[in-house]
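Asker: What follows is each chain in one-letter form.
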Amino acid sequence: MRSTYFRSTVILLLVVWVAHFSGGCRTKYETAVIIPQQADQLNVPGTKLLYAQTRKACEGVYTVSDGSDVFGNEIAAKWSYTAKNGTDTTYHLSLFCEPRGTFFVLEGRQVADSLIFVGYWRRLVNADVGTVTFVVQRNGAKALLAPDCCQALKPGDVVFKGKWGTANDNQINPLTLSFNRKLNPAPFQIIAHRSGGRTADLLPASENSVEIIRLASRLGATGVEFDIRQTKDGVPILYHDDQLNLRLTQKSGLIGPVENYTYKQLTALVRLVNGEQIPTLEQALTAVIDDTPLQTVWMDSKLIRDMSLIREIHKKYIAKAAAQGRTVNIYIGLPTETTLNQFEALPDHLQAPSLCELDTAIARRIHAKVWAPRFTLGDPTETAKVIRPQGFKVFVWTLDVPDFIRQFINARSLDGILTNYSAVVAHYHYVQKP
Amino acid sequence: MYKNRSTPLVRRVGLVCWLIVGLTVSALAQQSTAPKSATTVTPATQRVKKPTRPRSNYHRVQTFTPRSPSYTKKGQLRRLSPDQLWEAQPDSTRPDRGPFRLLVYAGLGASYYSSILNSPVDLTDKKQLRWSIPFSLRVMWQTDHRLRLGLETGYVTMYSYQGNRNGDLAKVRVSATPILAVFSMSVVKRFALYAGTGPYRVNSNLSYEGDTRGTTYSLGWMVAGTYTQPLGKNIGLAAELKWYDATQTKDACFVAQATLVWRALTW
Amino acid sequence: MIHLRLLFVLTLLIAAPAWGQHARTPRPKRPPNPYRRAYQKGVFVAPDSTSPQVPFVYFPYSLGRGINRATLGATFTTSPRAITEQTQLDIPAVHLVVLRGLTDKLALTGEMKIQLLQNSALVGLRRTFPIKGRFYGSVGANLGGWVGLLQLADFNTRGYGGMGSVDAAIGFRSSRDLLVTFRLESDLGLFNRTAVGQTISDDNRIATNGYGATVTLEQAFFGRRHAAIGFRALYTNFNWQFWSLYDTFDRNIFYPEIFMGFFL
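Chains as they are written, first to last, in our numbering: chain L, 420 to 853; chain S, 24 to 290; chain C, 485 to 748.
With the rest of the complex left out, here is chain L:
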């Protein structure tokens, strides 16, 4: 009798396991996470756009009271903007949390004597997503809306009272943020990998697209890295992989190296996974300068045939940024000996801002502005101590593990981190006390 029970239990267990498997094999992680929409509470009569000083004053490190078990104890809040066609500008308040690469993207309005913020949250490490609404009332709002506001907000001066929900639930969970201190003002570059993030992170825009460049600063980035290749007819484009494949593009029947196809063939028949066109280098640089507040561009030379053409475009867009009064550092990335040789063949290579992933001796030889070692070599503190005083910046790539990010930032020996998780780097950098 006992053995019958035993066997039945085992068989039942197996059935449950099989059921779990059949439920587990979902395609949930194959397509971009859909950002849940909520009723438009911002663009209704009686709401006003926020003043620049109000926006500025909202930035800071906030202590989380309700909801700290889900979003961590401290949150960093930072504004960014996206300009459409160089004119129509939208401002977003991003909140960066510690656990699991969680970030919020909010838009804010003034309603009478209160402030309202509406948006979504997302965890980068998985597909968790939801909506959120914050209201700043009474004294907090008064402090932010005062004409002389924002000189010296004290802890607790501004309180964001919010409710958050998941993709399926309504906003029933409380989340309260209380102003604690200003953001860490130390200069530091948070450079988003593949123009903003990987396709595998299921972002709403494809990697190395113009759309994700516009998204990058909302994710916490202050700069972007993108990958340059040249088409059969020599047009420099943004594309990472050696081949046209389903990781990056929709099924079109075109396969093989992207260099085998002309730009016209690619634009006519190929679309990136989220439907965008493969952008040219010029389109990407235009988007960075015209549409975003990004300060750093790392042009990683994946497979270049004509380095002088890349250098011409490089010069053109450095001049364009300067003409607009923008501070945008555009670097030609040199990951291999081959690209290094091509770069050194340029007559003006010593004047061209470059980023060297190779040895520090090579970085010195070519007068690179940045030396960028791979993170798997370990914390480059000792080397950085030597070369930073010589005028080099040190960026580390591609660092995604939160534990390592925290320790690398706390070592204070870097000028920037290249990451797929800008939100995580942003959190650890901004909450760091000077």
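Hints were generated in silico from the structure; no laboratory data involved.
You may find that some hints are simply not true.
What the hints assert, rightly or not - Once the Cα atoms are required to be at most 30 Å apart in a straight line, the calculated DSS-like pairs of lysine-lysine come out as:
{"#": "1", "chain 1": "S", "residue 1": "Lys194", "chain 2": "L", "residue 2": "Lys683"}
{"#": "2", "chain 1": "S", "residue 1": "Lys149", "chain 2": "L", "residue 2": "Lys651"}
{"#": "3", "chain 1": "L", "residue 1": "Lys601", "chain 2": "L", "residue 2": "Lys573"}
{"#": "4", "chain 1": "S", "residue 1": "Lys194", "chain 2": "L", "residue 2": "Lys651"}
{"#": "5", "chain 1": "S", "residue 1": "Lys212", "chain 2": "C", "residue 2": "Lys616"}
{"#": "6", "chain 1": "S", "residue 1": "Lys256", "chain 2": "S", "residue 2": "Lys194"}
{"#": "7", "chain 1": "L", "residue 1": "Lys852", "chain 2": "L", "residue 2": "Lys734"}
{"#": "8", "chain 1": "S", "residue 1": "Lys150", "chain 2": "L", "residue 2": "Lys651"}
{"#": "9", "chain 1": "S", "residue 1": "Lys273", "chain 2": "L", "residue 2": "Lys721"}
{"#": "10", "chain 1": "L", "residue 1": "Lys651", "chain 2": "L", "residue 2": "Lys467"}
{"#": "11", "chain 1": "L", "residue 1": "Lys852", "chain 2": "L", "residue 2": "Lys788"}
Could you slot chains S and C onto chain L? The hints should help.
Answerer: Chains S and C alone, transformed into the frame defined by chain L:
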């Protein structure tokens, strides 16, 4: 659009059902004509069909008689000497193994592309073709036990489409050559199942603003079922239903083909 | 039109086997042999009618006390594209599986995967029981760990961790000396410590890493050699073989594994 999987899924399920029904019909057709006395013990003398030219010891050793049970009359386990057991029946632990055979399969038939096929851009006067005539070549090592090992290759046009884009005609054709390690198992007499894995060499041909060819390798798998009807001593004809799946390029097709089976080598 | 033609061809192909069945005299079947292989520790004993005649390490059948079985072979895992993207890493591992009978129903299990730069080992217990007819079952639990050291080219990393698993298996003994085993497992991550240079990252959460399903065939191979071949579908959040890729996804990823082992 691209993410809408329902229609191709239904189509795929339909084809799998078709495969199952087809194979069941094959199996039933064989079952219905099989002798009902298949389990009856036939005397050993009748059973042994002496080969004209024995190449292994497989047919020589036949000392086993079904009248010797495992147990004694007292119900105790009968102890046999190693030699007695050794002589009992050829099996896979014996040194005189066999027979082994090398089988060559050459197939020709029809294929239907069963994966999602949607051009990511809008084309005017769009035409798609999912059907093609594939051929395959397979070499199997038939052992004296259940599992067989082999290699399979061939050629199948997965799909092609054409349409006008920006005023010019664009034509795309995608084909694949599987290079698969195949395992096979005989389930019922003459009926075998195959499963294999390995790379597919996927080729594309684009005709738009010039001709461009592309090639990539995609890991994938296949499953197949065959029913083989002997035609001669070393020749047979098999009906084969097959599923090719190049996973990384998400190309899959259903294949039905007539396969010539040639017993090329016996030892 | 071509569709109709192909449909016709398909129908013919499917119906073809029915032809000519009556024309042939069916071949008589061999009677079943009660002395199917009994090959244990090089000493032959007359088998009872239910014992498997093939040596086994996966099949859930009791092994006599003190009897050892082991297979040595290789495991092939392909790297998931979600992590390695366009790069495909297929690093085979030497795979050693050991089974030692403790009592009639209890056996000690051991498994090692060796890739030199990274290795893992699991030790466990399993209890077997007959289900019905030719079906047998087992439940087991394993405990072990992994260790890796990658200090070449652009890598200066090392790591180690503890892991465990529980599993349940159903085995089917076919009449033709073939043992089929279907096993489901749940993998547990106990802790992981990895380091790049002097920077250390600890993960001390005890959590379910994922699930796996394995199908194994144990049978004769060539000569007097027996072999176990199998396929394992692992759906997990952490696979020790890819620790150095520092995957940060908090989601289960599919890892297919093919393994083949020869009985020693």
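Asker: Quick one: which hint numbers does this structure break? Sort them smallest to largest.
Answerer: Hint check: 6, 7 and 10 fail, others pass.
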